[in-house]
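These protein sequences, in sequence, are chains X and F. All letters in the first sequence, in the order written, are residues -18 to 272 by our numbering. All letters in the second sequence, in the order written, are residues -10 to 324 by our numbering.
Accuracy of the hints is not assured; some may be wrong.
Stated by the list, open to error - On the chain X side, residues computed to face chain F include the following (Cβ under 10 Å): (1) F20; (2) L25; (3) V28; (4) P41; (5) V76; (6) R98; (7) M112; (8) V120; (9) V124; (10) P212; (11) F253; (12) Q258.
Derived by calculation from the structure, the hints in this document are not laboratory data. Beta carbons are placed, not taken as given, at the ideal position from N, Cα and C, and that holds for glycine.
Residues per chain are reported as follows:
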Amino acid sequence: MSRSPEAPAPSRPGARRIPTPGRLLAYAVAAALVFVALFPIAWLFLVSFMPENLILRADPTFVFEPTLDHYRAIFQSTRSSVTDNLVNSIVVTVVSTVGAVALSVLAAYGLARLRPRGHAQLSLVILATRMLPPVALVVPLYVIANRADLFDTRTALIVPYIALNIPLATWMLQGFFMDLPRELEEAALVDGCNRWSAFWRVILPLAGPGIAAASIFSFILSWNDMVIALPLTLSDAVTLPPFASQVREEEGVAWGQLGAVTVLIMTPVIIFTLAVQRWIISGLTAGAAKG
Amino acid sequence: MTVDHESGRTGASVEPASVPSGDASRPSMSDGRGKAPAHAAPARPRWWRGRDGLGLLFVLAPMLFLFAVLIVPIVYNMWVSLHSWRLTDVGGPEFVGLDNYVEVLWTPRWRDTIVRTAAFVVLTVGLQVVIGFGVALFLHKHFPRARALRVALLLPMMVSEVAVGNMWRLLYNYDGGLLNWALGLVGIDRVFWLGPDMAFASIVLTDVWQNAPFVTLVIFAALQTMPNELLEAADLDGASGWVRIRRVILPIVQPAVLLVLIFQTMFAIRAFGTIWILTEGGPGTATTLLSIDIFRVALQSYDVGLASTLSWFLVAINLIVAIIYMRWLKREPLT
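Chain F extracted, bound-state conformation (with noise of 0.2 Å):
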């Protein structure tokens, strides 16, 4: 829990509290809610007082910047589309109200888009999370410590999704590739990965190979937490597999869980680079997510009226989910 330092303060030279625990003051999601911060403050330490206006001068700039060239976009992106506008064209920007979004809503095309790209998210993180959960049950049980175990995990999330899309598309060659060669082997016959049957599953299977080592590493971490006693309770208790998972693990590791999906699921919304690289899209529109079409009709179409109104259905989706994590959160407090 954050320790509110104006009703916390006594007007001694040390903020109570919140010094002795490094971890206790970190900023956290609860920070500043559910609490009526008390601002009569009394008589500050001469070196506090100003701390407002100085704190605040120290913020204005990176402020200013995020809003310039964050914000403003975000809402000229609205503006851009409510026109009709393609810069191919020589007219300039056409208001056309709603029309954007009402084609994309009535459009087969970019129905099966928003459609595909959901389920593209659910499969990915859903496969993530359960891969990388079993994979930290069984680290933190046969290698507690797993250093070198750990930094081989990180390097897969880490690499540029440019390499991931290259290094896979060499494995998934039709002719050459080493998956291909390994089915071989066992007597399999040539898999077509990204032909049109199997495309969208091979960009799953690179998405969760680059992401599911986050949700491991994130896990592991909240295992690590976890008192040796709770576990040797439940073994004394008769307590086995599945039950001790259930009523002993996933209480503790829930905060950790949380964490995870709300990153993994906004990750995989914004899915780009590595699909860009093994399909660009195709075969047809196999693998096509809302982010590979924002990318068709911007720029190879020209159409930013449309490709803008496709980026707001984008950030809603990231929206929605967000704000059912955070009332999630604001049940089951991170901290």
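Chain X on its own, in the form it takes in the complex (with noise of 0.2 Å):
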């Protein structure tokens, strides 16, 4: 780390004045910042665009006209085409995050408001679960799968997603309901409804935001996994990530393409983070700390 000798100079509202040298370096040093963390993203994005004969050159050029061919080539490609992968992607995504977060909203409410004898042991039960790393879970569901008549089907993935994202969703939707208040409740069971409809017509559209959010995480989760599709599909029900990696070097990458690909990977992801970072630190670290 660069230090600056300079004490930091307090950024007094309304005060204007010329930045002093460690100002200056440590602007320098959060543009580098910026630079590496993004820089590989980018220019992934800006392959994805760029005319084939200009990828991989000893002398890259940053300059370019751009052009939609590789997204052209691999949706029109009559060996490989994207469109299945794509479609698998979202239908899996899809049910599985509608499925975990119905599921993880009732343990969540069961837990955190109605609060039955054990729920701190139930909770952390959950939590352990998802200190389970998903690796170990491969052979066992290859084998199953197989057995099962599920190999290479939607299914064979949907149902593991749904489980491994009920214990962020949960801990996350806990957070959400616990910061009700209680007289919510109370005043819709005064007024006649009963347990459920209180649940259902009172608390349920005020955790909407966390509901958003919760979602939202395990539509990232399943939409980037590759652990569990790689060896669960084989031609069916491939998702894009394990298409995505299966452009392997004796083909002879199709640079252009693998980055259109992966542009159509990483667009939703992008787009939802920058939805959710307000609770993204306080999601990932669920349970293990105040948020």
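With the hints in hand, could you dock these two chains into one complex?
So, in structure tokens, the structure goes:
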């Protein structure tokens, strides 16, 4: 770390001053950080729009006339069109997200609002399943899927994705549910709601932002997954990540097309990340510390 | 600290203590630990009665699902690991007791993989924490709000492992990769990044790029809870540089450091996608970690008995690490 000897210039509102050398250095370091974090991502975006003959040249060009050729190619290729994989990805991700969030809403409401005896232990059990490495599930799921005739089906992906997303979503939602004032349910019950309608009509709509955040998290995790999708699919149910992983050296990598597929994978994640950035840190560390 | 709702209940309409401060009632690792819940609750308000049964009913479906899809396969995995079983064989699984475990421990090939995995975990987590901490300190000092910076740092850890693997494979490319091009600009010879000598270092570098931002963001958030007067007082007392970090900052961010240690270790143990894309574990076995070997053995040689045994070693390492950290946590509760 470069530490400037100057005292940190306190940025008083309205006080415009010529930046000190230390401040300039800080800006330079910050710019370098952003560059290191974003350049690999940005470069792949650029390559996906770059004419094939300019990619991987000894003297790289950063200015060129963008082309959509690679995107056209991956969607129109007769040998392996990405359309099927895209559809698989969307179906698997959406269905598993809905399933995981629905189940997590129940668990989180039960644990955080009704607090049955042993709720703390139950919460810990759910959290503990999150510490299970998905890689350890690969062999048993592979064997089970083969025996149950589920190999290479979307169901074989949806079911594990739901299970793998429940712990995180439950822990996130517990926090949201607990932040809602208790009087809401009381009032609903006094007004003649039963417990279910108090939950369904009063609490659930108010937990909307929390449910949205948990959904987006589940979506990103399922959408990005390759560990489960790679062993459990072969041709029919292949989602985008395993598809993008199967383009290998021997075939001579078509970097423009590979870049285009990868951009397809990254774009929704980037958009969603920007949408939920407020919750990401507390979401990812949910349950381990105060948000 | 979490309020125990059983003992804290007075029979009044609203929960005491826990409501006013939203954060205080959040579940925490220390939840329910070291307290004797007094179950003899006084008269409860009408709407509260029967919540035990209802609460469990709400939890039942998700718990059953978790049990069926996560716990059952893990137990089944244990059964498989006690058998000699190749999916390509005509005969089914054959019980061999602990033979697979003995084989993993006594064959250099698998032992090397375990050692390599440990080296990968220690290296990546160490680098991530040091770099992440440094960047967090820098940001805290110079850019206390750092909103745009934080968003920029989020992206490497949120995009898919496949994407990370592909973008770095492009950068590492020997002939036209930008890293070699940049080296050429300053007159250094091209490096065979994914070749036998450098491949391990390269996967470590990529993993650090992907995961160090998480450390930065968590520690940065912890630093922001630090009262400014503390640092000012330290400055007045003439504390500088290292002393300031050790005596003032470290004690305050210690829970956050523990937290990132836990998370980063778990992520490092299960690292798979990025490495699979970059090298598939090669050249040879230069970058073969446990996770990679599980895939190779199960999906390329169909030896599910051995692969499930390797999975158990992965789970065991994961568990040991988790227990060590849990003990630390008990000593230094996070909340």
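These are the hints, each one checked on the structure:
{"no.": "1", "hint": "F20", "verdict": "holds, 8 Å"}
{"no.": "2", "hint": "L25", "verdict": "holds, 4 Å"}
{"no.": "3", "hint": "V28", "verdict": "holds, 7 Å"}
{"no.": "4", "hint": "P41", "verdict": "holds, 6 Å"}
{"no.": "5", "hint": "V76", "verdict": "violated, 14 Å"}
{"no.": "6", "hint": "R98", "verdict": "holds, 5 Å"}
{"no.": "7", "hint": "M112", "verdict": "holds, 6 Å"}
{"no.": "8", "hint": "V120", "verdict": "holds, 4 Å"}
{"no.": "9", "hint": "V124", "verdict": "holds, 6 Å"}
{"no.": "10", "hint": "P212", "verdict": "holds, 6 Å"}
{"no.": "11", "hint": "F253", "verdict": "holds, 8 Å"}
{"no.": "12", "hint": "Q258", "verdict": "holds, 6 Å"}
Checked against the numbered hints above, the structure violates only hint 5.
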